[in-house]
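K.L.:
As you go down the protein sequences, you meet chains L and X in turn.
Heads up, the working numbering is the position in the first sequence plus 248, with the first residue counted as 1.
Heads up, the working numbering is the position in the second sequence plus 637, with the first residue counted as 1.
Among these hints, one or two may not hold up.
[Claimed, not checked] EDC-like cross-link-like pairs, simulated, lysine to aspartate or glutamate; straight-line CA separation at most 16 angstroms:
#1 Lys692/X - Glu824/X
#2 Lys376/L - Asp757/X
#3 Lys491/L - Glu712/X
#4 Lys390/L - Asp800/X
#5 Lys379/L - Asp869/X
#6 Lys735/X - Glu409/L
[Unchecked claim] Partner residues are not named here, just some residues of chain L that face chain X (Cβ under 10 angstroms, in silico):
#7 Leu365
#8 Tyr375
#9 His381
#10 Phe479
#11 Leu555
[Claimed, not checked] Where chain X lies over chain L, by a calculated footprint (3+ residues, C-beta under 8 angstroms):
#12 317 to 331
#13 351 to 359
#14 385 to 391
#15 480 to 491
These are computed hints drawn from the structure, not numbers from a lab.
Cβ atoms here follow ideal geometry from the backbone N, Cα and C, with glycine treated the same way.
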Amino acid sequence: MDIKKILSESTSTLGVSGQEECVAAYFAEQFKPYVDEVTVDSMFNVVAHKKGSGPKVMLCAHLDEIALMVNHIEDDGCVRFASVGGVDPRILPGSRVWVHGRNGKLFGTIGALPPHLMNAEDRANNYKMDKLHIDLGMSAEKVREQVRVGDLVTFNTPFTELANNQVAAKSLDDRSCIAIMLRAAERLQKMYCEADVYFVCSGQEEVGGRGAKTAAFAVEPDLAVVLDVSFALTPGCGPDVAKPLDAPIVTHGPFIQPKLNKRLIDCAKAHHVKLSQEVSGRSTGTDADDIVISRGGVPSVLISLPLKYMHTAVETISLDTLEECARLLAHFVSELDASWEDDLWI
Amino acid sequence: MDLKTLTEINAPAGHEQPIRRVLIEELRAKGFNPYIDRMGNVIVVKEGTGVAPRKRVMVSAHMDEVGLIVTGHAEGGFLKVTQAGGIDPRVLISKRVKVGDDNIPGVIGAVAIHLQSAADRARVMGYRDITVDIGANDKGEAERKAPIGTYISFDTPYVEYGDGYACGKAFDDRVGCWTILRLLEEELPCDLIAAFVSEEEVGCRGASGAAFSQEPDIGIVLEGTTCNDLGDIPEVAQVCKAGEGVAVSFMDGSSIANRDLFKKALEVGEKEGIAHQVKASVSGGNDGGVIQRAREGVPVVVLSVPCRYIHSPSTVVKLSDVEAQFELCRALLKTF
Chain L
249 MDIKKILSES TSTLGVSGQE ECVAAYFAEQ FKPYVDEVTV DSMFNVVAHK
299 KGSGPKVMLC AHLDEIALMV NHIEDDGCVR FASVGGVDPR ILPGSRVWVH
349 GRNGKLFGTI GALPPHLMNA EDRANNYKMD KLHIDLGMSA EKVREQVRVG
399 DLVTFNTPFT ELANNQVAAK SLDDRSCIAI MLRAAERLQK MYCEADVYFV
449 CSGQEEVGGR GAKTAAFAVE PDLAVVLDVS FALTPGCGPD VAKPLDAPIV
499 THGPFIQPKL NKRLIDCAKA HHVKLSQEVS GRSTGTDADD IVISRGGVPS
549 VLISLPLKYM HTAVETISLD TLEECARLLA HFVSELDASW EDDLWI
Chain X
638 MDLKTLTEIN APAGHEQPIR RVLIEELRAK GFNPYIDRMG NVIVVKEGTG
688 VAPRKRVMVS AHMDEVGLIV TGHAEGGFLK VTQAGGIDPR VLISKRVKVG
738 DDNIPGVIGA VAIHLQSAAD RARVMGYRDI TVDIGANDKG EAERKAPIGT
788 YISFDTPYVE YGDGYACGKA FDDRVGCWTI LRLLEEELPC DLIAAFVSEE
838 EVGCRGASGA AFSQEPDIGI VLEGTTCNDL GDIPEVAQVC KAGEGVAVSF
888 MDGSSIANRD LFKKALEVGE KEGIAHQVKA SVSGGNDGGV IQRAREGVPV
938 VVLSVPCRYI HSPSTVVKLS DVEAQFELCR ALLKTF
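Please put together the full structure from these sequences, using the hints given.
P.N.:
Here's what the structure looks like:
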């Protein structure tokens, strides 16, 4: 399995919250060699089922991405937009985008009023989204032939390899965690595995855990492992909120089943996976929040991959840490058996 | 040589070596013997076909572009930077860059939106806050790979898009460099002093030396200039318009055009049917100022390609305007 290829291809595939069909089709194909059955449901959740006789475990990472959406076309041909999910307006000026029009995608660049034509107050503040525009290099008439209000706009930032096996791209939140599931699925082929495993790539996480909610209902798992990205240390993002880039993160808090979490941490210890630990005192801000309360309740744990510059087009991860997450996940799943729940509540 | 190649060369102000090398090679291949002066300007003098005494006309364009320069290293392996030339820091976040002569890939990130307070959201991240990430594991590795003084350029390939537009970096002023290369292939009555000058972006330093040493009779500055024509901008605030031809300045932040040259440029444009416009705002400075005031003074006119989002990683030009710059300059030169 070529992880770089999967990350490069998947992060450049369209899959905005609510319209994930392309990226869902991509990942459905990727899971096929490693599971017995793959389906894509009406929420564009990819459900890849590796059959087993043991406990039913749902592994979940989301496939949707944040993006922009056309909301107006000016008479000079420039395109105005709104955000889908939490797009930081500071990343927009000078960014290249794809506008997904009716005849395919159009190259565009995001422009703003030049600073020397602004007053001092405006210069001292960040650009607001409604003051920015997409330049398609066409007249309004031509733009309107191809682009409509509601069309999607995604970032056009190529996959970039940095030093020390770090890579930067858009949408590594959370497609890097789907890559972790894929790698774990590959590893599990050569491991003892009793568990009945559902690999779920969920839709609409960026707008509130909506895909995971229906997928958890449909799968009806005994337990779940959610995979998402978390903040890695960078300037301005210190140890109070972030963790080192080089180790998987486990989370403590009311949404995480403590004994299951202990099992995960013990598993990491047994297999020499270095871990960081963080605390979510309330909700986790991931699909776990919805899976935990699905049907009659689903004991869940969270494995996080540290990521720098979340929700920018240059999200950065370490491929070594990604591999460690996959190794931990595979061992954890492999070691699940009928006794998994024996001492969970006492 | 094409515009794509020229814009994709990384050469911020003060570090023109990469573009200088390419230009020298290109000029030699064309049979010229370029002269490199002590400001790092590359100069070629091509004799005219007219009878002596011929006018000596210096056509200049600057080789440098805006970029960043490493000023230090932060714990965790991040590069601290400042600007080499004027870059609004608001265009830097979430962009890719190339670091140093080895073109090491890097990215410029920011604290995630999830962790920002309302004040953080409004506040502009300045050069104190902005760091470049090359994936270094620690400060020592960052120092070794990108020592203080290392130059950084935008990593945005040249792309042609829309109806005859191109998007990329460094159109300011590789468009001018390209136009000069093309002018050198023309037979002209006057002596053409082709000057590829350095350090415009940090105060027009190269052009000053070139104008002094060359003592031209006339100076024509080929530039890229700000545009501001898109985004529901009131007509009065527009500087010039992409797609409406080469912009002729009557006055800008650094010089007042020689009235005769300005009128002549417009007349030639009209007579030859070359798309042109008058730059409708007194803004921006360029080499015209220092050339005009070299020695006992030089009549100067500035011909610019309108550039949307100038000094950003994704500047936009209309290719027909680049063509118009070449045609108008050629037509003007034929009148001397």
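K.L.:
Next, verify each hint and record whether it holds.
P.N.:
Here's how the hints hold up against the structure:
About 14 angstroms separates the Cα atoms of Lys692/X and Glu824/X, which keeps this hinted pair within 16 angstroms; it holds. Distance hint between Lys376/L and Asp757/X is fulfilled; the C-alpha atoms sit about 13 angstroms from each other, no more than 16 angstroms. Our distance criterion of 16 angstroms between C-alpha atoms is met by Lys491/L and Glu712/X, whose separation comes to about 14 angstroms. Taking the CA atoms of Lys390/L and Asp800/X, the gap is about 9 angstroms. The hint holds against a cut of 16 angstroms.
Taken as a hint, the Lys379/L and Asp869/X pair is honoured in the structure, with Cα atoms around 10 angstroms apart against an allowance of 16 angstroms. For the hint linking Lys735/X to Glu409/L, the alpha-carbon distance of about 12 angstroms falls within 16 angstroms, and the restraint holds. Satisfaction of the interface hint for Leu365/L is found here, the shortest Cβ-Cβ separation to chain X being roughly 6 angstroms, below the 10 angstroms cut-off. Proximity of Tyr375/L to chain X holds as hinted, the smallest CB-CB distance being about 6 angstroms (cut-off 10 angstroms).
Hint status for His381/L: holds, given a least beta-carbon distance of 5 angstroms to chain X, under 10 angstroms. Of the supplied interface hints, the one on Phe479/L holds, with its beta-carbon coming within about 6 angstroms of a beta-carbon of chain X, less than 10 angstroms. The closest approach between the C-beta of Leu555/L and any C-beta of chain X is roughly 9 angstroms, which is under the 10 angstroms cut-off, so the hint is satisfied. With 5 residues carrying a beta carbon less than 8 angstroms from a beta carbon of chain X, the segment 317 to 331 of chain L meets the three-residue requirement, and the given coverage holds.
With 6 residues having a beta carbon nearer than 8 angstroms to a beta carbon of chain X, the segment 351 to 359 of chain L meets the requirement of three or more and the stated coverage holds. Look at the segment 385 to 391 of chain L against chain X: 4 of its residues bring a Cβ nearer than 8 angstroms to a Cβ of that chain, three or more, so the hint holds. Residue count for the segment 480 to 491 of chain L with a Cβ under 8 angstroms from a Cβ of chain X: 6. That meets the three needed, and the coverage hint holds.
When the structure is compared with the earlier hints, no violation turns up for any of them.
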